[in-house]
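Engineer: Below are the chains, spelled out letter by letter.
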Amino acid sequence: MPSLKIAVSADDHSEGPQNAPVTLVEYGDYECPHCARACTIVKRLQKHFAKQLRFVFRNFPLTEIHPNAQSAAETAEFAAAHGKFWEMHDLLFENQERLDAGLLQELARKLGLSTPALSMALEEGLFTERVSADFSGGVRSGVNGTPTFFLNGTRYDGSWEFPEFLLVLDEAVETASRTARPGK
Amino acid sequence: MSNTPTAEVSTLLAPGTKAPNFTLPMAPNEPFSLSDLRGKPVILAFYPADWSPTCGDQIALYNQILPEFQKFGAELLGISVDGAWCHKAYSENRKLKFKLLADFEPKGAVSRQYGAYRNADGMSERALFVLDKDGTIAWSYLSPIRVNPGADGILEALEKLPK
Numbered sequence: 001m002p003s004l005k006i007a008v009s010a011d012d013h014s015e016g017p018q019n020a021p022v023t024l025v026e027y028g029d030y031e032c033p034h035c036a037r038a039c040t041i042v043k044r045l046q047k048h049f050a051k052q053l054r055f056v057f058r059n060f061p062l063t064e065i066h067p068n069a070q071s072a073a074e075t076a077e078f079a080a081a082h083g084k085f086w087e088m089h090d091l092l093f094e095n096q097e098r099l100d101a102g103l104l105q106e107l108a109r110k111l112g113l114s115t116p117a118l119s120m121a122l123e124e125g126l127f128t129e130r131v132s133a134d135f136s137g138g139v140r141s142g143v144n145g146t147p148t149f150f151l152n153g154t155r156y157d158g159s160w161e162f163p164e165f166l167l168v169l170d171e172a173v174e175t176a177s178r179t180a181r182p183g184k
Numbered sequence: 001m002s003n004t005p006t007a008e009v010s011t012l013l014a015p016g017t018k019a020p021n022f023t024l025p026m027a028p029n030e031p032f033s034l035s036d037l038r039g040k041p042v043i044l045a046f047y048p049a050d051w052s053p054t055c056g057d058q059i060a061l062y063n064q065i066l067p068e069f070q071k072f073g074a075e076l077l078g079i080s081v082d083g084a085w086c087h088k089a090y091s092e093n094r095k096l097k098f099k100l101l102a103d104f105e106p107k108g109a110v111s112r113q114y115g116a117y118r119n120a121d122g123m124s125e126r127a128l129f130v131l132d133k134d135g136t137i138a139w140s141y142l143s144p145i146r147v148n149p150g151a152d153g154i155l156e157a158l159e160k161l162p163k
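Residue numbers (the working numbering), protein chains in the order written: chain E, 1 to 184; chain Z, 1 to 163.
Wrong hints could be hidden among the right ones.
Unchecked claim - Result set (PhoX-like, lysine-lysine): computed pairs, CA atoms no more than 25 Å apart in a straight line:
1) 5(E) <-> 163(Z)
2) 40(Z) <-> 163(Z)
3) 160(Z) <-> 88(Z)
4) 5(E) <-> 99(Z)
5) 107(Z) <-> 71(Z)
6) 51(E) <-> 84(E)
7) 99(Z) <-> 40(Z)
8) 5(E) <-> 160(Z)
9) 160(Z) <-> 71(Z)
Don't read these hints as lab results, they were simulated from the structure.
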């Protein structure tokens, strides 16, 4: 089974404790409808597992089929530079059906970010390299579409519908706690 | 589930084997020969059918990451038993930037030569080959038919090719 080639680090956008028993990494695309659906499922899982789950989001824009995915990803990275990554990530998915340049400006304004600064960042491609690095790392790790999840470093090919994913994560939490406390 | 396979399992041509040359249409009335690519690494992606959803993802993914393959100077060829006109429509619809070859007549002949044909379904397997610049198979992989194999294996194989 393919595994994550780029380890989770401080450069990543993550939620949840660093020492959580389970780390879930998603490679996603803001224009991908499946990713938008997965976003709400992941939120429910985060609520359920609380401190037992660390969630990491990485960019995998399929620009050949999604013309606005790259600028959306760069906008999220711009927001991250101002401490608003997750707010922007959520807003992008919530407003996916009208993901154009106008929306990106509107969302930046909504989060109190400078819209001229965003325009400049997009025009000059300040975050292009960051997004491409995510993409290349994903390809090397065996990302085969969006969303692709890695569960504690191994690609997860099963269902990510809430009930099934919940059970899988439950098991991963249990396995991780067993190995953390050997001899029990 | 039973442990006895009911359908035959394909055996792909193994690494170290000279890749059989072939000539297939890359467009209606436009033949293309594998030997034309001698001197370059080649990726052969056999897949079951144009338009089917999983392939769609696999083909879309490969179209997107073509630049990663090109960093190695490698050429990607998609091969299925669909006819040249079907490939043309599919390729235009998906804006593909690599060649699709039609293993159409005699049906599946090249896929069979590479051990990548499913007799029971009359379609190519989902199988990948990386050939070195001299046309020798460096790596091959048979994917479960419904699983998009991604590109990590291809890139690893390209990285390992002698420079």
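Engineer: For every hint, state whether the structure bears it out.
Structural biologist: Verification of the hints:
1. A threshold of 25 Å between alpha carbons decides the hint, and for residue 5(E) with residue 163(Z) the separation of about 23 Å falls inside it, so the pair holds.
2. The straight-line distance between the Cα atoms of residue 40(Z) and residue 163(Z) is roughly 11 Å, inside the 25 Å bound, and the hint therefore holds.
3. Proximity of residue 160(Z) to residue 88(Z) is assessed by CA-CA distance (about 33 Å); at most 25 Å being required, the pair is judged violated.
4. At roughly 30 Å between alpha-carbon atoms, residue 5(E) and residue 99(Z) are farther apart than 25 Å, so this suggested pair is violated.
5. Of the pairs offered as hints, the one joining residue 107(Z) and residue 71(Z) is violated, with about 33 Å between alpha carbons and a cut-off of 25 Å exceeded.
6. Among the hinted pairs, residue 51(E) with residue 84(E) is consistent with the structure: their alpha-carbon atoms are about 21 Å apart, no more than 25 Å.
7. Proposed proximity of residue 99(Z) and residue 40(Z) is supported: the alpha carbons are some 15 Å apart, at most 25 Å.
8. Using a Cα cut-off of 25 Å, the hinted pair residue 5(E) and residue 160(Z) holds, with the two alpha carbons roughly 16 Å apart.
9. Among the hinted pairs, residue 160(Z) with residue 71(Z) is consistent with the structure: their alpha-carbon atoms are about 14 Å apart, no more than 25 Å.
The structure fails to meet hints 3, 4, 5 from the earlier list, while all remaining hints are met.
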